[in-house]
Amino acid sequence: MHQTIEITVHYFAKLRDLTNKEKESIEIAIESTPKDIYKQLNEMYGLPDNPNLKIAINDSFASWESELQDKDKLVFIPPVTGG
Amino acid sequence: MHQTIEITVHYFAKLRDLTNKEKESIEIAIESTPKDIYKQLNEMYGLPDNPNLKIAINDSFASWESELQDKDKLVFIPPVTGG
Amino acid sequence: MFLITEEIILPNNIELKFPSSKVGAKSIFEGIVRDNNLGKSVKKLEYQCYEELAIKEGSMILKEAVQKYKIDDAFCIHRTGKLEIGETAVFVRVFAAHRDDSFQACRYIIDEVKKRVPIWKKEIYESGESDWLKGAG
Amino acid sequence: MFLITEEIILPNNIELKFPSSKVGAKSIFEGIVRDNNLGKSVKKLEYQCYEELAIKEGSMILKEAVQKYKIDDAFCIHRTGKLEIGETAVFVRVFAAHRDDSFQACRYIIDEVKKRVPIWKKEIYESGESDWLKGAG
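Protein chains in written order, with numbering that gives the first Met the number 0: chain R, 0 to 82; chain W, 0 to 82; chain Z, 0 to 136; chain Y, 0 to 136.
Derived from the structure by calculation, the hints contain no laboratory data.
Glycine included, C-beta positions come from ideal geometry on N, C-alpha and C.
Mixed in with the good hints there might be a few duds.
In the DSS-like style, the derived pairs of lysine-lysine whose C-alpha atoms are separated by at most 25 Å in a straight line are [what the hints assert, rightly or not]:
no.	chain 1	residue 1	chain 2	residue 2
1	R	K13	Z	K67
2	Z	K114	R	K72
3	R	K13	Z	K81
4	R	K20	Z	K21
5	Y	K133	Y	K55
6	Y	K113	Y	K62
7	Z	K133	Y	K21
8	Y	K81	Z	K21
9	Y	K133	W	K34
10	W	K53	Y	K62
11	R	K20	R	K38
12	Z	K21	Y	K133
13	R	K53	Z	K113
14	R	K22	Z	K133
15	Y	K21	W	K13
16	W	K38	Y	K133
17	Y	K55	W	K22
18	W	K13	Y	K43
19	W	K20	Y	K81
20	R	K13	Z	K43
21	R	K20	Z	K39
22	Y	K69	Z	K39
23	Z	K121	R	K22
24	Y	K43	Z	K42
25	Z	K133	R	K34
26	Y	K21	Z	K43
27	W	K13	Y	K133
28	W	K22	Y	K69
29	Y	K133	W	K22
30	Y	K69	W	K13
Here are the computed distance ranges between Cβ atoms for each label pair [to be verified]:
no.	chain 1	residue 1	chain 2	residue 2	range
31	W	D48	Y	S129	47 to 53 Å
32	R	L17	Z	E50	17 to 23 Å
33	Y	K21	R	E21	31 to 37 Å
34	Y	D99	R	K34	21 to 27 Å
35	R	D35	Y	K69	43 to 49 Å
36	Z	L37	R	E26	38 to 44 Å
37	W	I4	Z	F17	16 to 22 Å
38	Y	H97	R	N19	51 to 57 Å
39	Z	D99	R	Q68	29 to 35 Å
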């Protein structure tokens with residue numbers, strides 16, 4: 000049996016439409032990275048295959064290879080189009 | 000006896016302070032140019048000797064060599080400093 | 000100061016702020032919802048915002064502008080939610096002693112906001128369809 | 000439209016004008032009387048204007064801006080007479096579809112106005128002295 004942690008994923012724009020969720024809590028294996036999580040979500044929701052996304056963990060920019068911690072807030076950030 | 004015409008000269012900024020006039024009518028010889036007039040005014044009022052001025056005749060930019068006509072409005076335009 | 004708001008942006012209310020007596024130049028930029036984009040008739044816009052990071056990144060951009068240019072003050076407010084044609088989506092204002100700095104800083108701020116602040120725009124077309132705009136980067 | 004006025008310029012009143020639905024960008028520049036110049040404490044300013052030619056030349060500059068950039072509308076108003084610190088000496092506003100045009104046109108207009116429109120500024124110093132500023136050209 001794997002050890003797991005719980006994180007929250009928030010969705011915006013196209014990703015919110017595809018998941019039909021603003022956010023959700025998910026259980027993930029320890030030492031998972033945003034890359035691992037995206038792979039799972041991609042399978043679950045049919046998210047884009049080669050996404051041009053940035054990563055934020057706990058409201059700061061982070062890398063696709065960051066190791067996620069319990070209770071982390073993870074956001075996949077599509078190319079921005081404000082203004 | 001010379002033939003003369005009458006023109007109006009308007010003064011702005013430093014030139015207004017030196018002449019102490021907003022405008023005045025002056026009688027000038029026919030075929031006079033702004034250059035000729037400035038020479039007279041320079042002697043009369045002590046205007047600057049080598050002025051960096053532009054010329055307007057009847058509210059349009061003109062040259063120092065333009066031949067003035069009766070009733071013309073002549074303005075010597077100092078470098079502008081608006082804005 | 001960088002703000003995010005769901006309320007309508009009324010530049011006249013923002014403009015009640017009086018600059019310091021050292022200020023000789025004020026530059027303002029406003030992005031306004033227009034009725035067309037890339038050949039399509041736009042009916043309205045919807046802006047979604049990742050607010051916590053948007054405030055952080057927006058505030059950072061204003062700080063950078065103050066460091067890069069000789070300016071007195073920089074302010075930006077960005078609207079979210081559903082916007083009608085003619086409404087202000089983003090408002091930038093810079094006070095400086097001289098105009099070169101106010102122009103450059105104002106341009107820097109709006110360019111960086113559009114590149115970096117996590118806000119997304121969905122266009123709702125006259126046809127009834129809608130689409131999230133594709134960002135450049 | 001290019002205007003000269005002896006009345007105080009209140010940008011909020013000017014800003015009541017609503018842009019066309021094609022407008023996506025509004026750029027504004029305001030030149031404001033500041034309390035110092037070239038190291039001297041300024042108490043107030045006096046602007047003198049050769050109004051007939053100023054209107055002609057100012058209108059020409061706005062026309063040039065419309066020809067050079069893709070803009071919807073250009074407006075400029077310049078104050079004359081005695082101005083207090085903090086008052087607006089000149090106000091420029093440009094409407095365009097896109098921000099690059101509105102920024103560039105706004106900058107073009109204020110730069111050309113300062114170079115070409117026959118208006119002269121006298122600084123009245125805290126010391127009681129006063130002086131016409133020397134123009135560049």
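- Find the hints from earlier in the document that the structure breaks and name them by number, from lowest to highest. 1, 4, 15, 21, 24, 28, 30, 31, 34, 37, 38 and 39
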